[in-house]
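**Student:** Chains as they are written, first to last, in full-length UniProt numbering: chain S, 1 to 278; chain W, 1 to 324.
Careful, some of the hints might be misleading.
Lysine-lysine pairs mimicking DSBU-like chemistry, simulated, CA-CA at most 30 Å apart [stated by the list, open to error]:
(1) Lys184/S / Lys134/W
(2) Lys128/S / Lys184/S
(3) Lys128/S / Lys134/W
(4) Lys101/S / Lys110/W
(5) Lys36/S / Lys110/W
(6) Lys36/S / Lys134/W
(7) Lys101/S / Lys36/S
(8) Lys134/W / Lys110/W
(9) Lys246/W / Lys223/W
Think of the hints as simulated: they come from the structure by calculation, not from any bench.
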Amino acid sequence: MTTATAARPGLATRVTPVEAFRQTLTLTWRNLVQIKHNPMELVDLSIQPIMFVLLFAYVFGPAMAGSVSAYMPILIPGIIVQNALFASMTTGTGLNADVGKGVFDRFRSLPIARSAPLAGRILADTVKQVWSMAILLGVGLLIGFRIETSWLNLVPAFLLLLAFALLFSWASVFIGLAVDAPEKVQIFGFTVIFPITFLSNAFIPVSDRYPGWIRAIMENNPVSKLGDALRGLLVGHPVGNPAGDQPVGGPALTALLWGVAIAAVFVPLSLRLFRRNT
Amino acid sequence: MPHAIRADGLEKRFGETVALADVSLSAEAGTVLGVLGPNGAGKTTTTRILATLTAPTAGHAEVGGFDVTTHAHQVRRLIGLTGQYAGVDEMLTGAENLLLIGRLLGMSRKDAKARAAELLERFRLSDAAERAAKTFSGGMRRRLDLAASLVGRPQILFLDEPTTGLDPRSRGDLWEIVRGLTDDGVTVLLTTQYLEEADQLADDIVVIDRGRVIASGTPDALKSQVGGQVLEVTPVRADDREAAAKIVGELAEAAPEIRDALVSVPVADTGVMPAVVRRLDDAGIAVAELSLRRSSLDEVFFALTGHHTDDAAGDPAAREEVPA
Ligand SMILES: Nc1ncnc2c1ncn2[C@@H]1O[C@H](COP(=O)(O)OP(=O)(O)O)[C@@H](O)[C@H]1O
Ligand SMILES: [Mg+2]
Numbered sequence: 001m002t003t004a005t006a007a008r009p010g011l012a013t014r015v016t017p018v019e020a021f022r023q024t025l026t027l028t029w030r031n032l033v034q035i036k037h038n039p040m041e042l043v044d045l046s047i048q049p050i051m052f053v054l055l056f057a058y059v060f061g062p063a064m065a066g067s068v069s070a071y072m073p074i075l076i077p078g079i080i081v082q083n084a085l086f087a088s089m090t091t092g093t094g095l096n097a098d099v100g101k102g103v104f105d106r107f108r109s110l111p112i113a114r115s116a117p118l119a120g121r122i123l124a125d126t127v128k129q130v131w132s133m134a135i136l137l138g139v140g141l142l143i144g145f146r147i148e149t150s151w152l153n154l155v156p157a158f159l160l161l162l163a164f165a166l167l168f169s170w171a172s173v174f175i176g177l178a179v180d181a182p183e184k185v186q187i188f189g190f191t192v193i194f195p196i197t198f199l200s201n202a203f204i205p206v207s208d209r210y211p212g213w214i215r216a217i218m219e220n221n222p223v224s225k226l227g228d229a230l231r232g233l234l235v236g237h238p239v240g241n242p243a244g245d246q247p248v249g250g251p252a253l254t255a256l257l258w259g260v261a262i263a264a265v266f267v268p269l270s271l272r273l274f275r276r277n278t
Numbered sequence: 001m002p003h004a005i006r007a008d009g010l011e012k013r014f015g016e017t018v019a020l021a022d023v024s025l026s027a028e029a030g031t032v033l034g035v036l037g038p039n040g041a042g043k044t045t046t047t048r049i050l051a052t053l054t055a056p057t058a059g060h061a062e063v064g065g066f067d068v069t070t071h072a073h074q075v076r077r078l079i080g081l082t083g084q085y086a087g088v089d090e091m092l093t094g095a096e097n098l099l100l101i102g103r104l105l106g107m108s109r110k111d112a113k114a115r116a117a118e119l120l121e122r123f124r125l126s127d128a129a130e131r132a133a134k135t136f137s138g139g140m141r142r143r144l145d146l147a148a149s150l151v152g153r154p155q156i157l158f159l160d161e162p163t164t165g166l167d168p169r170s171r172g173d174l175w176e177i178v179r180g181l182t183d184d185g186v187t188v189l190l191t192t193q194y195l196e197e198a199d200q201l202a203d204d205i206v207v208i209d210r211g212r213v214i215a216s217g218t219p220d221a222l223k224s225q226v227g228g229q230v231l232e233v234t235p236v237r238a239d240d241r242e243a244a245a246k247i248v249g250e251l252a253e254a255a256p257e258i259r260d261a262l263v264s265v266p267v268a269d270t271g272v273m274p275a276v277v278r279r280l281d282d283a284g285i286a287v288a289e290l291s292l293r294r295s296s297l298d299e300v301f302f303a304l305t306g307h308h309t310d311d312a313a314g315d316p317a318a319r320e321e322v323p324a
């Protein structure tokens with residue numbers, strides 16, 4: 001129908017990158033303004049993490065590290081990582097709800113960039129991630145966590161976590177497209193993310209009290225690698241050894257490689273599901 | 001542009017399932033095309049192909065002169081879609097939902113707000129503009145959904161079962177809105193399970209069943225083919241059923257059907273009623289009940305295909321009986 005295209009110059013044949021960016025921001029706004037009408041989500045994003053920090057700190061801290069403040073270098077980086085993984089599930093639940101309700105069909109019938117609905121959701125979820133990381137860090141600082149290196153190290157720390165969360169969220173996108181109800185995405189969260197985060201050094205240092213195979217999982221788990229990188233960046237030394245040196249680059253790289261591997265599996269799977277459903 | 005919507009031999013498979021076997025249809029600019037069919041007939045699949053949401057396995061379709069698969073973006077610039085499942089964001093207010101679409105379509109914040117206010121007013125949603133859509137009633141949600149599909153002033157509008165699940169009053173409201181749209185020159189493709197709805201709104205009707213077009217034409221042509229109404233007679237004595245069937249069959253010039261105590265026949269012309277009463281009386285057949293009612297979709301299907309719809313619950317709108 002090239003004749004028709006020529007006859008109506010107003011009908012652009014594609015979206016420009018600037019338009020695509022604007023559309024992504026508009027859809028980011030849409031995903032964030034929802035919070036205004038659904039205060040429960042704000043509770044999810046703030047009160048729940050605060051509660052977890054306090055419970056872990058005051059219940060486990062004295063037993064595991066002798067005191068709450070001694071437990072802080074273990075707990076705060078660990079719980080920030082755990083929270084980032086859980087928070088990435090919202091990408092899947094939100095996507096699932098949109099597809100189920102017909103909101104996604106509406107977006108896809110509009111002359112907008114194909115990537116904008118997903119990009120908008122991921123960007124909004126990133127904002128929510130930063131919000132809960134800040135809350136967790138803030139609570140940690142209030143109850144005795146100390147940044148012993150430099151405050152500037154928060155920037156690479158957050159960027160590393162966001163990068164990993166972004167890669168990991170493709171697992172969430174896949175589950176969101178694969179299951180038929182948002183609750184099922186959450187079930188995945190609980191049955192997979194809980195074990196992953198607990199089989200790590202997020203809440204307790206890896207020691208030879210554990211059988212070899214559990215230790216192997218704990219040491220190689222991307223959650224442990226992220227925890228190590230965060231401790232290296234913010235605390236600067238290994239837990240319980242102020243004179244030691246906590247490397248950052250190695251664990252950070254390993255964690256990112258894990259993220260790339262996860263995305264390499266779930267991006268093609270997600271795209272396949274997406275095409276199959278349409 | 002002769003046809004705003006045109007589809008030739010559309011076929012769509014989902015694995016083993018054949019959703020569409022062979023669907024061809026067309027709608028002239030500024031008209032309403034009704035796509036009538038029971039659950040699972042392929043209405044949603046047809047709509048989704050025409051609205052560029054899914055590609056056909058075989059066949060070809062053009063909307064506004066553009067091929068829906070190769071020129072999807074241009075098609076999207078011309079169309080509005082109100083899908084079977086509400087495409088409104090329940091967490092946003094009525095106004096925010098419309099503002100969102102306006103902004104996505106490239107309007108300035110000011111223009112998008114003005115357009116949202118205008119549509120909310122037109123669809124009697126102004127009072128609910130600042131309330132989250134999850135608090136809306138079914139009818140309000142449908143109106144908001146329809147408003148959202150109109151933000152960009154589409155030339156061609158797809159409405160997939162816009163009144164399913166609505167109470168009669170909300171259904172009437174929606175009918176008025178659809179009539180108003182064609183006054184503005186918009187082409188509408190509307191799917192429905194209700195014969196009456198297609199009759200009320202459509203200039204042309206395409207009846208589909210199991211992924212195939214089984215009839216098409218104007219509502220009048222279709223009704224004369226299948227009978228617009230159904231005459232039902234319940235003789236007092238079961239023995240009289242055959243005789244009663246013969247009489248009504250002759251007068252209605254259609255094949256009668258006997259189900260339990262009930263004899264029914266489609267009638268194109270309701271003027272036969274007095275003659276029916278007289279002839280039954282002459283034949284000495286005592287009648288327990290005699291009624292005339294609008295044909296249900298199921299009966300249209302029976303007349304066209306010889307089989308009942310899989311979803312024989314049929315058409316609640318046609319259940320109101322007209323006393324004879
Ligand atoms: N995504 C899908 N995957 C598998 N089967 C589908 C899918 N969408 C529709 N179908 C099947 O295709 C047929 C037509 O469905 P649909 O177009 O939704 O009918 P209608 O809208 O008329 O009720 C049905 O048998 C339905 O089960
Ligand atoms: Mg349908």
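**Student:** None of the hints should be skipped; say for each whether it holds.
**Tutor:** Structure-based check of all given hints:
Between Lys184/S and Lys134/W the alpha-carbon distance is near 22 Å, which keeps this suggested pair within the 30 Å criterion. A C-alpha spacing of about 21 Å is found between Lys128/S and Lys184/S, which places the hinted pair at or below 30 Å, so the restraint holds. For the given pair, Lys128/S sits about 23 Å from Lys134/W by alpha-carbon distance, which is consistent with the 30 Å threshold. For the hint linking Lys101/S to Lys110/W, the alpha-carbon distance of about 28 Å falls within 30 Å, and the restraint holds.
Proposed proximity of Lys36/S and Lys110/W is supported: the alpha carbons are some 22 Å apart, at most 30 Å. Between Lys36/S and Lys134/W the CA atoms are separated by roughly 13 Å; this keeps the pair inside 30 Å, and the hint holds. Taking the CA atoms of Lys101/S and Lys36/S, the gap is near 20 Å; set against the 30 Å cutoff, the hint holds. Taken as a hint, the Lys134/W and Lys110/W pair is honoured in the structure, with Cα atoms around 25 Å apart against an allowance of 30 Å.
Restraint check for Lys246/W and Lys223/W: the C-alpha separation of about 22 Å stays at or below 30 Å, so the hint holds.
Hint compliance for this structure: no hint is broken.
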